[in-house]
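*Asks:* Keeping their order, the protein sequence lines are chains A and B. So in the numbering used here the end of the first sequence lands on 248, straight run, no missing numbers. So in the numbering used here the end of the second sequence lands on 514, straight run, no missing numbers.
Simulated from the structure, these hints should not be mistaken for lab results. Any given hint might turn out to be false.
With a straight-line Cα cutoff of 25 Å, these simulated DSS-like cross-link-like pairs (lysine-lysine) come out [as the list claims (entries may be wrong)]: (1) B:K347 - A:K164; (2) B:K347 - B:K431; (3) A:K239 - B:K347; (4) A:K37 - A:K141.
Coverage of chain B stretches by chain A, computed from C-beta distances (three or more under 8 Å per stretch; other residues unrestricted) [said to hold, decoys possible]: (5) 272-283; (6) 324-334.
If you're wondering where the values come from, they're calculated on a predicted model, not measured in any experiment. For each residue, glycine too, the CB sits at the ideal point set by N, CA and C.
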Amino acid sequence: MMTRIAPALSFALFILVWFVAGRLTPQADVFLPAPDKVAAALRDLFVEQDFANDVVQSIYRVMLGFALAMVVGYPLGIAIGVSKAWEGWVQPLNEFARYLPVAALIPLVIVWAGIGDLQKILIIFLGTVFQIVPMVSDTAKRVPNTLLELGQMMGFSRWRRVIKIVIPATAPEVYDHARIALGWAWSYLIVAELVAANTGIGHVIIQAQRFIQTADVMAGIITIGVIGLAFDTIFRMPKRAFFPWTRS
Amino acid sequence: MTSSLGVTKVTKRFGRGESAVEVLRDISLDAEPGECVSIIGPSGCGKSTLLRLIAGLEQLSSADAGEILVDGKPADRMAGHIGFVFQAYSTFPWLTAKKNVLLALAGSELPPLHRERVALQHLASVRLSEFANTYPDRLSGGQRQRLAFACALAKRPALLLLDEPLGALDALTRERLQIELLKLWLASRSTMVLVTHDISEALLLGHRVLVMCNRPASFILEIDARFEKPWLNGGAGKVPIEEMVRETWKSRAFVDAEDQLRDALS
Chain A
1 MMTRIAPALS
11 FALFILVWFV
21 AGRLTPQADV
31 FLPAPDKVAA
41 ALRDLFVEQD
51 FANDVVQSIY
61 RVMLGFALAM
71 VVGYPLGIAI
81 GVSKAWEGWV
91 QPLNEFARYL
101 PVAALIPLVI
111 VWAGIGDLQK
121 ILIIFLGTVF
131 QIVPMVSDTA
141 KRVPNTLLEL
151 GQMMGFSRWR
161 RVIKIVIPAT
171 APEVYDHARI
181 ALGWAWSYLI
191 VAELVAANTG
201 IGHVIIQAQR
211 FIQTADVMAG
221 IITIGVIGLA
231 FDTIFRMPKR
241 AFFPWTRS
Chain B
249 MTSSLGVTKV
259 TKRFGRGESA
269 VEVLRDISLD
279 AEPGECVSII
289 GPSGCGKSTL
299 LRLIAGLEQL
309 SSADAGEILV
319 DGKPADRMAG
329 HIGFVFQAYS
339 TFPWLTAKKN
349 VLLALAGSEL
359 PPLHRERVAL
369 QHLASVRLSE
379 FANTYPDRLS
389 GGQRQRLAFA
399 CALAKRPALL
409 LLDEPLGALD
419 ALTRERLQIE
429 LLKLWLASRS
439 TMVLVTHDIS
449 EALLLGHRVL
459 VMCNRPASFI
469 LEIDARFEKP
479 WLNGGAGKVP
489 IEEMVRETWK
499 SRAFVDAEDQ
509 LRDALS
């Protein structure tokens, strides 16, 4: 029973601590607006400043950047996981790219893609793709060798072993990796909408920060958190339907 | 279809140069079509390496010696015609029991429409009909290995290789599965090579039992285990197989052979 209500209780406790801290902080409107002030700011954003449009824009950018990263990162990760040649050629480059700060790539991406949606989507893509590759490749490398040998005994070609064994064997874990990568995609949204953006949640947060509208900043951050949580829950729900053999 | 096996003077080394380790030395082993040969020996002596070489999962390199033929053809060109049951992971966890057998049937000459019926027949032969739509992880250890037998036998392999297939099971289940395995062999009459640690299992299932000594592995004893097995002498079908097995276990020849093997292994 306690475990079931724990998530709700933890949120309630967080809001309570925030509320008290907001009341005790001097100049709270600037440093730590209380939850009621943030709620009011959020309502104003939606009612008076067409914030819903910014939310839709951000979701569009995050989902497209994430999807692109999966489309590129997943097959690369599988290839590295099953082939020493691919591992030798691609993994060092990927490791190099993985440690590049994405913010440092913004000027370059603006030169390549301009300042439109494509630039924001590319930033999210670059932030996540190099993380997806090693997660997928590590999972592919952990497929029990006996399963691959079983396929070999059935007369499967190497390609068929990848399709019939590696892909299904790794699918549940890759699905979890995708969930984690989606979280990263959201965290790169602010970076993507930091420069040359005139829509999106990140843009609203940066604008509010310029005018020291801290309640709006927090409203934007909370919106990202709520959307992230909603997406994670939506992603989590069908897992049992997709991978019924993983049910305990 | 059942095939002959010929392993001639096989020497296998792992590693190169001075660090090379000789795992098998001058190993020879023949099996007639329909014969079951049991190999028994201490852990790590090279039994599984020999089985993997026969299966084509390990290759003989230029530094090695010998020849392995299945029906006169090099064993490493027989992929798809040799069944293999491992101690674990002999089924695919993401496929139901029926789909596991169907995958094992992929590439067979059966028309796709008939495969489902054949898969169900194979499941029935290992008493898993009611578990056709169950995932392997929800089967017991014994049921899972029965499914593995059904998959391995699905394409009627020329040769069936069993690498300690009952090694992970408790004693009671193991005893039951030995009889199941015997029934499957009687139905298929496949040529079989069984690697096991269990003396009683080796004697019950094998027509011959070979004892392998430590590395570099070689055979140090061969026992003819055809004695007092009514199912090998036209007795199958007349008396329930369980009864015949119980009589064999109690027979003087079986007990003496057990003692002989125990002495050789100690």
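*Asks:* Hints first: check each against the structure and report whether it holds.
*Replies:* Hint check results:
As the CA atoms of B:K347 and A:K164 are separated by approximately 12 Å, the hinted pair is consistent with the 25 Å bound. Restraint check for B:K347 and B:K431: the C-alpha separation of about 23 Å stays at or below 25 Å, so the hint holds. Taking the CA atoms of A:K239 and B:K347, the gap is near 21 Å; set against the 25 Å cutoff, the hint holds. Between A:K37 and A:K141 the CA atoms are separated by roughly 50 Å; this puts the pair beyond 25 Å, and the hint is violated.
Counting residues of the region 272-283 of chain B whose CB falls under 8 Å from any CB of chain A gives 0; the rule of at least 3 is not met. Here the region 324-334 of chain B counts 7 residues with a CB under 8 Å from a CB of chain A, which clears the bar of 3, and the coverage holds.
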